[in-house]
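Engineer: First to last, the sequence lines map onto chains A and B.
Residues 1 to 534 (my numbering) are what the first sequence spells out, left to right.
Residues 1 to 721 (my numbering) are what the second sequence spells out, left to right.
Keep in mind that the hints were calculated from the coordinates and are not lab data.
Certain hints may be false.
[Said to hold, decoys possible] Here are the simulated lysine-lysine pairs, DSS-like style, with alpha carbons at most 27 Å apart:
1. B/Lys-595 to B/Lys-548
2. B/Lys-339 to B/Lys-365
3. A/Lys-458 to A/Lys-437
4. B/Lys-365 to A/Lys-7
5. A/Lys-437 to B/Lys-638
6. B/Lys-147 to B/Lys-234
[To be verified] Facing chain B, from chain A, some residues (calculated, C-beta under 7 Å):
7. Val-29
8. Gly-52
9. Pro-68
10. Leu-72
11. Pro-76
12. Arg-92
13. Pro-122
14. Asp-124
15. Leu-222
16. Lys-296
17. Ala-329
18. Val-331
19. Val-373
20. Gly-377
21. Phe-388
22. Arg-469
C-beta atoms are modelled at their ideal positions from N, C-alpha and C, and glycine is treated no differently.
Each chain is listed here by its residues.
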Amino acid sequence: MAEAVVKPLTIAVLAVGGQGGGVLSNWLVTLAEANGWRAQNTSVPGVAQRTGATVYYIEMLPETEREPVLALMPAPGEVDVCVAAELMEAGRAIQRGLVSPDRTLLIASSHRAYSLSEKAAPGDGRADAGAVLAAGESAAQRFVHADMAAIAETTGSVISAALFGAIAGAGALPFPRAAFEATIERGGVGVAPSLAAFAAGFDAVTGRPEAAKPPESPPRRLQGGSEEERRRYAAACERLRSRFPAPAHAMLQAGLDAVVDFQDAAYGDEYLDRVGTLAAADPGTNDCELTTTAAKYVSRAMAYDDVIRVAELKTRGTRSARVREDVGAAVNQPLRVTEFMHPRLEEMCATLPARLGQAIEGSQWLARPLRRVIDRGRRVRTDSLSGFVLMNALAGLRRWRRGSLRHRRELQRMESWLDLVIARAEHDREAAVEILKCQRLIKGYSGTHTRGTGKYAKVLSALSRLDGRADTAVLIRELREAALRDEAGDALDAVLATLDRAPPPDGSATGLGLGVESIGPRRRVSNMRGPYTT
Amino acid sequence: MAERSFKREVEKLRLGAGEEFRGEGILAITKALLQCGVGYIGGYQGAPISHLMDVLADAKPVLDELGVHFESSASEAAAAAMLAASVHYPIRGAATWKSTVGTNVASDALANLASGGVTGGALIIIGEDYGEGSSIMQERSHAFAMKSQIWLLDPRPNLPSIVAAVENGFSLSEATNTPVMLEVRIRACHVHGRFITRDNRPPPMTVAQALEQPRRDPNRVVLPPASYVQEQEKVNQRWPAALAFIREHRLNETFDGDLNDIGIILQGGMYNGVVRALQSLDLASVFGDSRVPLHVLNVTYPLVDQDLAGFCSGKRAVLLVEEGQPDYLEQALNAILRKHGVDTEVYGKNILPKAGEYTAAALHKGVSAFIQSVQPGAAGTAQTADKRNAGVQAVQLLKDVVPQRPVGFCTGCPERPIFSALKLSQQALGEHHVACDIGCHLFSILPPFNIGATTMGYGLGPASASALNVKAGKRAISVMGDGGFWHNGLTSGIGNAVFNESDDVILIVDNYYSAATGGQDLLSSRAANAQRSTRHPIESAVRGVGVKWVRHIDHTYNVGKMRDTLSEALTTRASGPKVIIASSECMLNRQRREKPLMRQAIDQGRRTVRQKFGVDEDVCTGDHACIRLSGCPSLTVKHLNDPLRDDPVAHVDQSCVACGNCGEVAEAAVLCPSFYRADVVHNPGRWESAVARWRARLISALQRRRAQRWLHIEPGLEAGG
């Protein structure tokens, strides 16, 4: 073998089923063959096509007299171009050794198609995209990436077309741009949008990387309200700026806006009163962490999710605009919107004046027949007049909200929660912050809400057992994070069980030593046995 | 068929002498069958051979011109039994299926066929679904060849070799009166390549001619005393004939190399991988010129002792590359060398993986270890791939970052609501034993449903729960698809349950097609099929074998009704099997048909309603309970730019097909009021537009009135973020 060693160009395409990885690898073969190269591609379609991860593998080399022997699967360390149609698939390619620093050009779409384990977590289960971008930079000879899903959406095409453009733009193959475009044209299906996506993909990796500017965010907008209401809100804003430390202003403003929008300006004053009590105990260290955290979670607690709120949100003018945008309906195009509701007796009672609601709840005689009438799935058309009027009327109950059973319960819960915070704030500010953050556990409606409140109560009731420990803050955080890991609360129970076995406080302990990881990998759900069996 | 056309592929079947075919391996096999004068073809679909079946189903004109009969068999057993036409008649026949599962099903017919022997060439094309992406148990088909004395071909994975194997397979079969299996691995089935075609050949004798001139030979029937004679014939006549044919026609290939005191013996299918491994050790070129001599077994059963002993003699050591387990070839090679007094050292599964796919990395490692130990210094600067990235910390960190991506139901799949309902029913009535089956519905065992304990084979879901047919506080639930039902489930599952007075619950998932294998038609498919008889309801069949308690749900997306029906079946006092048939069309196939029609209707100005689901992001609280009851790819999460929020909210992306599952689940499970369905009317009538305008005007007046009283603050980020 004295002559120059001929080596094929190797390309691995990693895609999620349904992303068009097959189309892309066929284009690559057609492109090569049309330009006097010989190409082979193969893949393992089958069940993996149904939303799983799939690898397509292509080898090509200039046409020769003799038949080459081409491989049917990528070898780690021997891939020239690795194309990932989604960011975590790029991570998987790196893990599989398909990206190597001495030869691989890694081309990835930076968008995320979340895996089920990421989506299903009761909290935030999303994987760390930054880790993959960092790994790409160090694992590849060259790494180019852009949001191909966004390109596909704006051009009305598919990710594979944008990636094909990126492959051309990155100079991955020895063929001119026109040859790539001719390949798309030869396919004959959806040519115009494919070419547009191709061009955008090409530019995305050749153009100067756009300065990372944050998306334009609209300024806060005020609408309606009586003059007095507006004056009172303005006064609250003024109070916020003059009485609270500057590092907390942004969060306070967001919190204030949310509670005023939830109820009224007077409610905003109450909000500032509550946060003010905690701010008084804040030594002002660490960017006023106690005040900022209070600003966030007191607002969340005060703007709870009740029937009135849901009805109000569903009947806002801005809401129908958002729906129109989401479904791509023009302003005058008829649009029907059906809401899926399932009210229960509990929600009805909670909305009634406190005494009446309580009386009905407590009475078997009343509750049972009422439950039969109320407790069922209902579909409400909020675009129709009758549906809208019904929901609008529910939203109008806002003026009596303060007298409702739900409001009274929420206030009671909030007060005892804040008492716990204040009791700690003096001597263990970090623990106080962690207790505030437990508000995050309360979310959802009906059963979900009950379950969340139950976990919240479990975590807070563990507090008494932590008295005097130096690591209270760490423990509360561990408990809270465990509570967010699965629906049934198994992880939380496991941590609570270890709490009883934990060594007595000696000041040196830092947590249970079984942080998030020891309960099980946070972002992985076992294939065969998930924690969601109940 | 499933609204998919294979017209372009069918055209390739018409290529004539001297033309070039370019395409997939499995299509090359299809073309090769026609070039060989095949008289009839049957098979059962499944990856990786579905394409062969699909293309032939669309190729009726080509087949009619040639006089070739094609059947979509009811099962692999039916396909194998079809080869009986080659027992007495000199007609070439082919059958195909996914292996080893299909071979398991077919083995009764195969054993009978192999015993009596054949007159016309009988070729069984098995798509070997082994290794990455496989959906079945990991086994070898090799044992079937050995036990029944069927010859096994394993050609090099390039189109000319595969096409030659089809031709040689028929000739070998006829020369030895023995059926021949052609084993093609999944990647070879899907490999894109080229070969020079020949003209299609009409069969010298058609099945119609056979029908008109029937023949019989009692010596070919498997019945004593003929069966004893047949066994002797296998080893005393057919086997030696096979060895002679293989040698004479050089079906196995030897490639010389200058390092001739060592060598590699390999299955044909391993050839490209081995050459690539040698290439990265600088011991071979991309054209396959290897410095190490290679003996390629394009026939892996029977082995030709003389050839193997001849290749090994004079060599210090050979490496046997044999994928899968047990190591039949390695055992045989050692025995052969001992019998021939050849003392060559045999390397094999001592340095290559004992089990599992021989991936590029595994072959590289094994071949490299072989060279290192028998010819150190011969290999070039062998770079091990793993070492290059090993030190990079950022890469190691990915271990805890990159999530698994298990397969799941497609967007809008009609089976999702069935399992949402089953999950809800079990929430109310407690966990039950659930026996699963083969098909898309098997995804229920994965998150988010986590339903199902076992899967025992296609159509065997109900049978696999039959031991649990006793009086107890709970009933067993078994699941079976429409594919499995017609494959054998009607008898093994339903009939079995009726006869044994089972009290359990059988759930039949009917999506109108054999969906998991690519959407082929079945007896109960709803669409008219010009070439097949469809529209035979499952319910009639179930009642026909004596089931009294049958519920047919014709819209699986009604989660509440589905849940209540399941609960009723689990609690009713009625005796005998409780059969629920849950029917809705496979969404992949439905969209393939409906999407273009809708686009066309909108373009033509006809009134059309387009639907999509959505989530009100300010109502959603980010608990994701809806996702845990659905797992729909279009139901995902979205980060809100709101400093008050910690968790991402649920979000329905643009791939939504408005199947309605998420709304139904939110309603049935009493989750939350965040979901809405939006119906956009394209090309509305004048009256409809007027009503919509009038409504919108009134509604916005009401909205304005409310806004006067209450202060609305649309959050901006100038102060937050």
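Engineer: Look at each hint and say if it fits the structure.
Structural biologist: Hints and how they fare:
1. B/Lys-595 to B/Lys-548: Status violated; Cα separation ~39 Å.
2. B/Lys-339 to B/Lys-365: 31 Å, violated
3. A/Lys-458 to A/Lys-437: At roughly 14 Å apart (the allowed maximum being 27 Å), A/Lys-437 and A/Lys-458 satisfy the hint.
4. B/Lys-365 to A/Lys-7: Satisfied, since the Cα-Cα distance of roughly 20 Å is no more than 27 Å.
5. A/Lys-437 to B/Lys-638: Given pair A/Lys-437, B/Lys-638 holds - Cα atoms ~21 Å apart, limit 27 Å.
6. B/Lys-147 to B/Lys-234: Judged against 27 Å, a Cα distance of about 11 Å means the pair holds.
7. Val-29: 6 Å, holds
8. Gly-52: 4 Å, holds
9. Pro-68: 5 Å, holds
10. Leu-72: 4 Å, holds
11. Pro-76: Check passed: Cβ of A/Pro-76 comes within 4 Å of chain B, closer than 7 Å.
12. Arg-92: 5 Å, holds
13. Pro-122: 6 Å, holds
14. Asp-124: 5 Å, holds
15. Leu-222: 6 Å, holds
16. Lys-296: This interface hint holds because 6 Å falls under the 7 Å limit.
17. Ala-329: Cβ of A/Ala-329 sits 4 Å from chain B, so the hint holds.
18. Val-331: 9 Å, violated
19. Val-373: This interface hint is violated because 16 Å lies over the 7 Å limit.
20. Gly-377: 4 Å, holds
21. Phe-388: Because about 5 Å separates A/Phe-388 from the closest Cβ in chain B, which is inside the 7 Å limit, the hint holds.
22. Arg-469: 26 Å, violated
Hint compliance for this structure: hints 1, 2, 18, 19, 22 are not met, and every other hint is.
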